[in-house]
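Protein chains: 2
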Amino acid sequence: MKINCVLFNDFTALDAFGPAEVFGCLEKIYQVEYFSLSGGKIKSSRTNIEVTTKPLALIQEHDILLIPGGFGTRTEVDNRALINTIRDLAEKARYVLTVCTGSALLAKTGLITQKKATSNKLSFDWVREQDTDVEWIRNARWVVDGKFYSSSGVSAGIDMALGFICDAHGIETAKAVAKGMEYLWNADKDNDPFST
Amino acid sequence: MKINCVLFNDFTALDAFGPAEVFGCLEKIYQVEYFSLSGGKIKSSRTNIEVTTKPLALIQEHDILLIPGGFGTRTEVDNRALINTIRDLAEKARYVLTVCTGSALLAKTGLITQKKATSNKLSFDWVREQDTDVEWIRNARWVVDGKFYSSSGVSAGIDMALGFICDAHGIETAKAVAKGMEYLWNADKDNDPFST
Numbered sequence: 000m001k002i003n004c005v006l007f008n009d010f011t012a013l014d015a016f017g018p019a020e021v022f023g024c025l026e027k028i029y030q031v032e033y034f035s036l037s038g039g040k041i042k043s044s045r046t047n048i049e050v051t052t053k054p055l056a057l058i059q060e061h062d063i064l065l066i067p068g069g070f071g072t073r074t075e076v077d078n079r080a081l082i083n084t085i086r087d088l089a090e091k092a093r094y095v096l097t098v099c100t101g102s103a104l105l106a107k108t109g110l111i112t113q114k115k116a117t118s119n120k121l122s123f124d125w126v127r128e129q130d131t132d133v134e135w136i137r138n139a140r141w142v143v144d145g146k147f148y149s150s151s152g153v154s155a156g157i158d159m160a161l162g163f164i165c166d167a168h169g170i171e172t173a174k175a176v177a178k179g180m181e182y183l184w185n186a187d188k189d190n191d192p193f194s195t
Numbered sequence: 000m001k002i003n004c005v006l007f008n009d010f011t012a013l014d015a016f017g018p019a020e021v022f023g024c025l026e027k028i029y030q031v032e033y034f035s036l037s038g039g040k041i042k043s044s045r046t047n048i049e050v051t052t053k054p055l056a057l058i059q060e061h062d063i064l065l066i067p068g069g070f071g072t073r074t075e076v077d078n079r080a081l082i083n084t085i086r087d088l089a090e091k092a093r094y095v096l097t098v099c100t101g102s103a104l105l106a107k108t109g110l111i112t113q114k115k116a117t118s119n120k121l122s123f124d125w126v127r128e129q130d131t132d133v134e135w136i137r138n139a140r141w142v143v144d145g146k147f148y149s150s151s152g153v154s155a156g157i158d159m160a161l162g163f164i165c166d167a168h169g170i171e172t173a174k175a176v177a178k179g180m181e182y183l184w185n186a187d188k189d190n191d192p193f194s195t
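Here the protein sequences come in this chain order: A and B. Read the first sequence against numbering that gives the first Met the number 0 and you will find it ends at 195, with the numbers running on by one and no gaps. Read the second sequence against numbering that gives the first Met the number 0 and you will find it ends at 195, with the numbers running on by one and no gaps.
The hints are all genuine.
You can't tell identical chains apart in this list, so a pair holds if it fits in one copy or across any two.
Calculated pairs, BS3-like style, for lysine-lysine (alpha carbon to alpha carbon, straight line, at most 30 angstroms):
1. LYS178 x LYS188
2. LYS27 x LYS40
3. LYS178 x LYS114
4. LYS178 x LYS146
5. LYS1 x LYS91
6. LYS115 x LYS146
7. LYS27 x LYS42
Just so you know, the hints here were simulated from the structure itself, not pulled from any lab data.
Only chain A is shown next, with the shape it has when bound in the complex (with noise of 0.2 angstroms):
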């Protein structure tokens, strides 16, 4: 299965490389690929990682999409040439992950008005703004809602890989994947110490 990662400048490496490191452990069944709006070299926020990407027009399996968040979300919500490619994508994907502010890029698609979702902590009543009629879930260290996986802030897109890994493969999978990663997994999604 192809992971079509969505990247665009300032996004948060570990939102994105986390769960890519995570999938890339079954990288027999799971293959993951960088795309933009435009292609191109990209950049990080603050790790200043400067990846190449295709653009996202190029896109032909429509397996995963993987959505970071990152400072660079508080400008691309007003990008609409962005979010009507994510939500394009995102309506063909089998299924949507989005980490952090992640979760804003795709809410503002209106494809998860009525679902449940989470984001990231510091951020949250921003990423709320994004669309009111989401049932947003402060406390919840990730959420799945039908095909839509969305977790809270960075190192909690590891545990939605993870958890995902497990729905999809079983939880012997999923420990040996953490185990290979000498991961701490918190493998309770409604086990969230940071909401409060």
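Put chain B on the given structure of chain A with help from the hints.
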């Protein structure tokens, strides 16, 4: 302070970008840059991230050297040009941080002979062979010996980077960074859940 991150093909993304995210949270103090032996594009193992790097020879500020691990280390330990360059940079650096099998690259330089170090558990015996006169500590999330910080596998690098922040700026700063990343920090470097 500059964090000079040494990349090579088939590095593990989270080994590098986990600690980078930690330091990026204090971007007024730490700036992360990415280098490789010849510069240019470097690709991560399994996660397929193509990162733009500068040549290692361009490093001018020798604050902190960050060396991730990954499958690429299996061949890079025999890359004399890289090992010699790492030795030179590590000698000049104020601090050297290695993650996972990045410890093997540092060990190969001979600079940590008779010093304490750790590495990830699945490759521990292979790492040990790179310099059997290092005091390898299996049961450790991370190890500090003078200016050398070394961590266990992948995610342990995030714990170590937070440990470095704690040593340099105090526990409250480290906790604040972990909270901003919504990361459940394993703050005890001797607590290694993966050593057995």
